[in-house]
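Asks: Sequences listed follow chains A and B, in order. Just so you know, we're using this note's numbering here: the first sequence kicks off at 1 and counts up by one. Just so you know, we're using this note's numbering here: the second sequence kicks off at 1001 and counts up by one.
Keep in mind the hints are simulated off the structure, nothing from the lab. Every value quoted in this text rests on a predicted model; they were computed, and no experiment measured them. Each residue gets a CB set at the ideal place from its N, CA and C atoms; glycine is no exception. Be a bit skeptical, because a hint or two may be false.
Covered by chain A, per the in silico footprint, the following chain B stretches (three or more residues, Cβ under 8 Å) [what the hints assert, rightly or not]:
1) 1003-1012
2) 1027-1036
3) 1040-1047
4) 1065-1073
5) 1163-1172
Now the in silico label distances, taken between C-beta atoms and shown as ranges [unchecked claim]:
6) B:ALA1003 x A:LYS90: 36 to 42 Å
7) A:GLY168 x B:ASP1060: 32 to 38 Å
8) A:GLU179 x B:LEU1022: 20 to 26 Å
9) A:ARG92 x B:LEU1022: 47 to 53 Å
10) B:GLU1021 x A:PRO166: 17 to 23 Å
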Amino acid sequence: MTASDTDKQLVQRAQRGDLRAFDLLVLKYQGRIAALVSRYVSDPGEAEDVTQEAFIKAFRALEQFRGDSAFYTWLYRIAANAAKNYLVAKGRRPRADATIEDAEGFDDGWLLAESSSPEAVAMGDELAGVVEAAMRALPDELRSALTLRELDGLSYDDIADVLECPVGTVRSRIFRAREAIDARVREQMNGESGFR
Amino acid sequence: MTAEDRDREALSALMDGEAQELELRRVLDSISSDPSLRERWRRQQQVRERLQGQRTHAPDVDVSIRVREVLDTGRSVSRNPIWSMAVAASVTLAVVMGGQQLLIPSSGIAPAPVVSELGGAVVPVLGAQPVQASLGARSLPVSNRQTAGIQSAGQSVAAVYERLARDRYHRLNGRHAASAAQSHPAPYISYVRVPEIKPEAPVSE
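Make the full structure from the sequences, and use the hints.
Replies: Structure, rendered in structure tokens:
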């Protein structure tokens, strides 16, 4: 089981009209899609509109998604087309071009978007700093489980083999690790207004 | 472990594709009634991106509410006929006004092919569902031969404008409905059915 299984589960429900499932997909991918759209459309307000439009278009085309490619790859293509079409409608030329390889390579780490504002970079760095500090503060057993999951991409079964513990324990450790990190992130959010 | 703890643990498992179908169903139910669970999902996705070194330094955008509003509004049915009529009237007004604004020629934009010149209205079609007249795009059922001629770049320009106008309308209508819901003494569903939006051209995978 992987994170793409999550997408499959949510997409299948969304295809049956479950908007709550699609909502989770929007929450999951809106940051990445907004980053992609920002590479084409520099105005933040316009980029937000195009991002919204891309998700609406994706939902309406969801019936046609057969799962031959990853959901994100498919969504990425829709968003890139939405951004290009928007610029064409405005009589402007795309200032950058994103390829589908960018989408497929996303899971290996995405490069910093050229259009990122200093504020966005600062906020992103700030969150990264909080997450990193929270990871360091985790007890070893929780950190190992989460690292194997997030950085090595292992399934719960594989992690259980590596750590020589039951799958239920793996699940619980990963959950507790995320809770601890989330507490630090929320603390930071409440303390600083510019950080969400 | 409390029910909230179980939901949060199931949410964590869902992130990893390790949630059972029943857990998924429970999480989706809980998210509907517990906004904090939804926020947690959003935060944890951001945390994951940082952990995995995916640096999405985009502005902190949250379009999820607006997306949901648009999709909800397009699918929901009002249970209060008076409210429906009132909203339908404001819908027509908004579409007409929006249409007038958008139909003003703008330099640098190629004229789009026009199938219907209707300014904007809900057109009853015998034996069919209502079809919304659109701005420079297909608004009435037409033959395949007719539609073939409008599959062009110009149509996509018009379609983009149409969608933008529609989205703007949905946004305004959502605000209007929310504000009316707060001040209206009678219980009603604060959204309205609008004509079904037909899917656009297939998107290849």
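Asks: Evaluate each hint against the coordinates.
Replies: The hints, checked one at a time:
no.	hint	in the structure
1	1003-1012	holds (count 3)
2	1027-1036	holds (count 3)
3	1040-1047	holds (count 8)
4	1065-1073	holds (count 6)
5	1163-1172	holds (count 3)
6	B:ALA1003 x A:LYS90: 36 to 42 Å	violated, 50 Å
7	A:GLY168 x B:ASP1060: 32 to 38 Å	holds, 36 Å
8	A:GLU179 x B:LEU1022: 20 to 26 Å	holds, 22 Å
9	A:ARG92 x B:LEU1022: 47 to 53 Å	holds, 49 Å
10	B:GLU1021 x A:PRO166: 17 to 23 Å	holds, 22 Å
Consistency note: the structure conflicts with earlier hint 6 alone.
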